[in-house]
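Visitor: Could you build all of it, start to finish, from the sequences and the hints given here?
Residue strings, one per chain:
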Amino acid sequence: MRLALDRIGHAFLGRTVLEGCDLLLANGEIVALVGPSGCGKTTLLQIAAGLIDPLRGRVRRDYRRHAMVFQEPRLMPWLTAGENIAYGLASLDLPRRRRREIAGVHARLVGLEPADLDKYPAELSGGMRQRVAVARALAVEPEVVFFDEPFTAVDVGLRRALQDLVMRMAGDGPSGQGFSGLFVTHDLAEAVRLADRLAILSARARGIVEIRAVPGRRAARGDRDVFEIVQSWSREEAFAELVDGEGRHVP
Amino acid sequence: MRLSWLGRYLWSGWAGAAGLFCLLAAWQASHEVYGSFVLPSPLQTLAAIRDVVRGPGFVAAVAETAARTFTGFGLAAGLGTVAGAIAGYSFAAMRVMRPVVAVVLGVPPISWIVLALIWFGASGGSAVATVVVAALPISFAGALEGVATRDRSLDAMARVFGAGPLRRFRTVTLPHLLSYLFPAWTTTVGTAWKVTVMAELLANAGGIGGELATARALFDIPQVTAWTTLVVAFALATDYGLLTPLRERLERWRSAGLPWGVKR
Ligand SMILES: Nc1ncnc2c1ncn2[C@@H]1O[C@H](COP(=O)(O)OP(=O)(O)OP(=O)(O)O)[C@@H](O)[C@H]1O
Ligand SMILES: [Mg+2]
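As they're listed, the protein sequences go chains A and B. Numbering-wise (my numbering), the first sequence opens with residue 1 and increments by one. Numbering-wise (my numbering), the second sequence opens with residue 252 and increments by one.
I should point out that these hints are in silico values taken from the structure, not numbers from a laboratory. Be aware that a few hints might be false.
[Said to hold, decoys possible] Label pairs and their calculated CB-CB ranges:
id, chain 1, residue 1, chain 2, residue 2, range
1, B, Ala507, A, Phe12, 45 to 51 Å
2, A, Glu113, B, Arg500, 23 to 29 Å
3, B, Pro434, A, Glu113, 54 to 60 Å
[Claimed, not checked] Below, simulated SDA-like cross-link-like pairs (lysine to any residue); rule was C-alpha separation at most 25 Å, straight line:
id, chain 1, residue 1, chain 2, residue 2
4, A, Lys119, B, Ala407
5, A, Lys119, B, Arg418
6, A, Lys119, B, Arg498
7, B, Lys445, B, Phe309
8, A, Lys119, A, Val105
For each residue, glycine too, the CB sits at the ideal point set by N, CA and C.
Guide: So, in structure tokens, the structure goes:
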């Protein structure tokens, strides 16, 4: 067990967003948090990462290092791509040369050219910035990684490549060598593709309504399996809020 | 890198020189309309500058004024920046300090000079004191705005990656803060030179202000324009010789995102 959320509840300005959320994150496991917009996915993730103190409940952590990929890249405009990737390494007490090496290795992993490392974020494309953010998170060799809809702004091909990278780095399912991940997404196909378990959040129920395991081993799941699981699940009541626009008014 | 930086520096100097020559032309034209007694020509001023520079008290006067200016600037920029940055972290302090700064900034420097003369007597101390009170609110306001408008989402990111408060200040807040500080410091330096000379003149405390007072007593108008031109030159030299290169060095990232034509 890496991370445990016990009866987490939170409210903003008196308006309750989350109530009684329980969740366990096992070693090497990826849990996807899915739910409609505004149901509190980001809030729950930030509580898990320690960025927000929950009003009720407790977070237990059993790891030394975590990292996060945010919904936006959140790069320092005044640091080059390479320095941004190395940002989290500064607290690890490594010599400067070693840090540069690690940054270079992870830049290659996400498909950045060595020449890109000396560019400032303003000189990179949106997809490249998000790749830098992914590299920055993986570079610290974290035991737990928090992802907040990290790939919504990148094109389909790059999204697949980055999903594959996350799966590869997370290791081969539970008990693997890599990291555990908490992965927020509103894309059911993405969740089914890379998660071991799904935690389904609801805006109406203000919290997690169901946790279910995705059939099959993560690495062995083909596109066809993903498609079929998504097809059958999206007809279910539990995913109604996520899949159809019911109860949401867009003028 | 170094060469392109030098090239840009020279190019901006060339563009600036064109503007200056327009100003000189206007000066010459006014001189021809009103005559030497009211407004000496640029050439006459140049000759007067030569005399002034060769004069016996030149180095002493400039050194005295410069010392006061830099003491005042250092105190104003230092205290103002530190106090402003601290206030920027606290909403309560910010709400209290903003109107205070607005009021203090509204007080004309000349009033401070008169008050300082009464409090400290006619000495160099009152010149420095005037510079500090007149220029401190500028740095204070700049630092306050800079810290208050820091990027909180980057701060949260840094927290996730294990950065403590000090490292977060150095890597997240400070680079953002600098873009507010440099304009404030530029204004502060200009104010410091002007106010020092003014205070020296009124306090009769030597320095360039003292020389101006003498020139006025003798109705030596070319010497007045000469000293004036020199003070302007010193103020600009402080800005372009000290602050601008420092800023270029620290904010290289800022020019990275600009399209070609906008790079100076
Ligand atoms: N700092 C805040 N102050 C007040 N209310 C907030 C704050 N942050 C979030 N909320 C509210 O909490 C609710 C949940 O927000 P959250 O950002 O967790 O949603 P989300 O599930 O991540 O949505 P999305 O998929 O659109 O990102 C929203 O109704 C939002 O208005
Ligand atoms: Mg969100």
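Visitor: For the pair we were handed, Lys119 of chain A and Val105 of chain A, check the Cα-Cα distance against 25 Å.
Guide: With a Cα-Cα distance of about 17 Å, the restraint between Lys119 of chain A and Val105 of chain A holds, given a limit of 25 Å.
Visitor: Please test the hint of 23 to 29 Å on the beta carbon pair from Glu113 of chain A and Arg500 of chain B.
Guide: Distance hint for Glu113 of chain A, Arg500 of chain B holds at roughly 27 Å.
Visitor: With respect to the beta-carbon atoms only, verify the hint that Pro434 of chain B and Glu113 of chain A lie 54 to 60 Å apart.
Guide: Given range 54 to 60 Å: violated, Cβ gap about 37 Å.
Visitor: Ala507 of chain B and Phe12 of chain A, beta-carbon distance inside 45 to 51 Å?
Guide: With Cβ atoms ~37 Å apart, the hint is violated.
Visitor: Is the straight-line distance between the alpha-carbon of Lys445 of chain B and that of Phe309 of chain B 25 Å or less?
Guide: holds (18 Å)
Visitor: Would the hint linking Lys119 of chain A and Arg418 of chain B be met if the CA-CA limit is 25 Å?
Guide: holds (23 Å)
Visitor: Between Lys119 of chain A and Arg498 of chain B, is the straight-line Cα distance small enough, at 25 Å or below?
Guide: It holds: about 20 Å lies between the C-alpha atoms, which stays within 25 Å.
Visitor: Please verify whether Lys119 of chain A and Ala407 of chain B have alpha carbons no more than 25 Å apart.
Guide: holds (23 Å)
Hint compliance for this structure: hints 1 and 3 are not met, and every other hint is.
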